[in-house]
Amino acid sequence: MADLKLRIGALYPDQMNIYADRGNIAVLQRRCEWRSVDVSVTAIGLGEPIDPEQFDLIYLGGGQDDDQRRCAADLIERKRDGLVAAAARGAILLGVCGGYQLLGRWYELGEERIEGVSLLDVETIRGEGSRLIGNVAIETRLPGAPEGAVLAGFENHGGRTRLLDGAQPLGRVLKGQGNDGSSGYEGCRAGTVIGTYLHGPLLPANSWFADWLISSALGDDLELSPLDDSLELEAHAAACRAAGIAGS
Amino acid sequence: MSRLRLGIATAVARLVAAVLRVGGSGGTSAPGKVLLALAPQAIAQRSARLARGCAVISATNGKTTTSAIVAEIMRADGATLVHNHAGANMAGGIAATLIDQDGDFGLFEVDEFWLPGLVQQLEPRAVLMANLFRDQLDRYGELDQIVNRWREVAESPRSGRLVLNADDPLIAGLGDGVDDPLYFGLEDIEAGSASPQHASEQACCPVCGSQFTYSVYFVGHLGHYRCPNGHASRPNPQITASEITLRGLGGSSFTLNLGAESFSIGLAMPGLYNVYNAVAAAALAVSLGVASDDIVAGIEAASPAFGRAEALDVAGRECSIMLIKNPAGANEVLRTLASDNEPRALLIALNDRIADGRDISWIWDADFEQLASSVDEITCTGSRSVELALRLKYAGIAPERVRVEANLGPALDGALATSTSRLVVLPTYTAMLEIRGLLVARGAATGSFA
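So the sequence lines, in the order shown, correspond to chains A and B. Just so you know, the UniProt record's numbering puts the end of the first sequence at 248, numbered straight through with nothing missing. Just so you know, the UniProt record's numbering puts the end of the second sequence at 450, numbered straight through with nothing missing.
So here's chain A without its partners, still in its complex pose (with noise of 0.2 angstroms):
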């Protein structure tokens, strides 16, 4: 798979990588270096604006809120028109906890509402109760993806996403309380825009979901190498065991 080049935009590392989000795209680049699939990883840090065709896959994830205002706010001036060109070509642009509210509407924190760039119809609400934290377990339909894949992870978030206007979720809650602990629906996708609760980080725990981000980055009827997944599997399976499904 020598000719094939998975380009990594990183948003804002410095800033929102609260619940080691970094593992996630260390994920990404070593399954990519394992099949001799050439991966760059390139920071896109306040700012900076991104170039649409210069990246394949764009990963933004959570962070302390008022960094996340700040890069919010950066997101909106410096960005937008960049990711909304990005998607339109068919890269994949993953936003886990924080970054999956800034892909959204807006975020309601009481009489403050922090802008997103509305890649995702969700919108979210800081809630009165407390925040939903605990491991969780999702079933996706996902193209090219096993029916019912699962995902597992931790959740660990404030706000209470809804779905808008016939968006579709990531998935169904098996376990745990998704994006508003009450509609059974966790994230959001919209083609290859996607948006999750799930960390614990999601990837190293979700070695299929990985390699779907991977194969759907670099083109749709592309089939990766096998790897030894023994260890994944198995991580995949304590991370639903945690959640309190059988491990598949």
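FYI, nobody ran anything at the bench for these hints, they're computed from the structure. Treat the hints with caution; some may be incorrect.
[To be verified] Mimicking SDA-like on lysine to any residue, the simulated pairs with C-alpha atoms at most 25 angstroms apart in a straight line are:
(1) B:LYS325 <-> A:ARG22
(2) B:LYS325 <-> A:ASP14
(3) B:LYS393 <-> A:THR42
(4) A:LYS5 <-> A:SER36
(5) A:LYS175 <-> B:ILE354
Given the coordinates of chain A, work out where chain B should sit on it, guided by the hints.
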């Protein structure tokens, strides 16, 4: 509340403690919880009886070790201590310590989250705020919220003298507008690096919001920093360490500067993080008026605290336990291991109980890559041992060097059997408690336990 009520409550709590000891479960906070249920003001009342008052220590990393060093210093000064040395650092544990021990000086490490409430009750002569790092987000919430709680402490008239880490921008700023805070820090820029580690906290200027720029990083976001627009900068610390030499697991030496006086110190504990703990302890002692000679004697007498770089003899084998619980602390332990060339076997234990943090994602922020170039045989154990092994795989550690055994007992025996060299154990908190018990059962010299 009457004196009589406190007396009855104390008697009941002591009875609970005695019953628990007979039952073989000593050292819990249960008697303290009973005391507080019967007499909610008990901490304030019993603390007020300490003839020489008390001092409070809080931090994300190093609370127990720093307290152990301060304890040695205060003993050198002639104090009899009431001290929660085993790390039971919430209200129940502190109440239990106050009824369990008699002495003239109280020394309490306090959980970061509970600091404001406990300082109100204890009314200490001084509060040491040593560092804040990202830790157990599922339990403590995000760091901003802890900083806000600590600001209440800094502004409270009941807190006594503030002793603050000048190198931690999250903490140093708490001294702004406060009467005469005492600052400590490191002055040896050779001991740090010019670039930050992964997942360092980003501290910002309180005036203009710009990210601080650093001339040197020591541990995580601790270092020499200033606002790029000239608004705020690291305060000049009065108590410092300079000329620092680290000797792997063997400890370190440095010059301790107490104002105008300087002393050469040999520290038995490894790593730059323990130099910070020693300087923090010295600063707290200075704030309490302890003489310099007693401070030096106390630091040099200090040995590693419960499960923190403790060195044990297990049936003739040398065994070190170094607690890991969050990225910043784990990184310093890993850095110390990477700088030490002695042969060893490694046992890393990852549990996910409430006291460890249910969320294990922090292992991806810890730089296990530092072990990639070593040749250690590594055993992964604990309730999330598989995910730990996976982390090591992505850190570039060859899978043939890594064994997985979820159960702590067999894992420990396996690690002891695979190698004749020193065994180094890196456990999370609950795994540390279990492994200490297992080591005693396998012949660890119990005299070396705290």
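Against the structure, the hints come out as follows:
no.: 1; hint: B:LYS325 <-> A:ARG22; in the structure: 18 angstroms, holds
no.: 2; hint: B:LYS325 <-> A:ASP14; in the structure: 22 angstroms, holds
no.: 3; hint: B:LYS393 <-> A:THR42; in the structure: 23 angstroms, holds
no.: 4; hint: A:LYS5 <-> A:SER36; in the structure: 9 angstroms, holds
no.: 5; hint: A:LYS175 <-> B:ILE354; in the structure: 19 angstroms, holds
The structure shown violates none of the earlier numbered hints.
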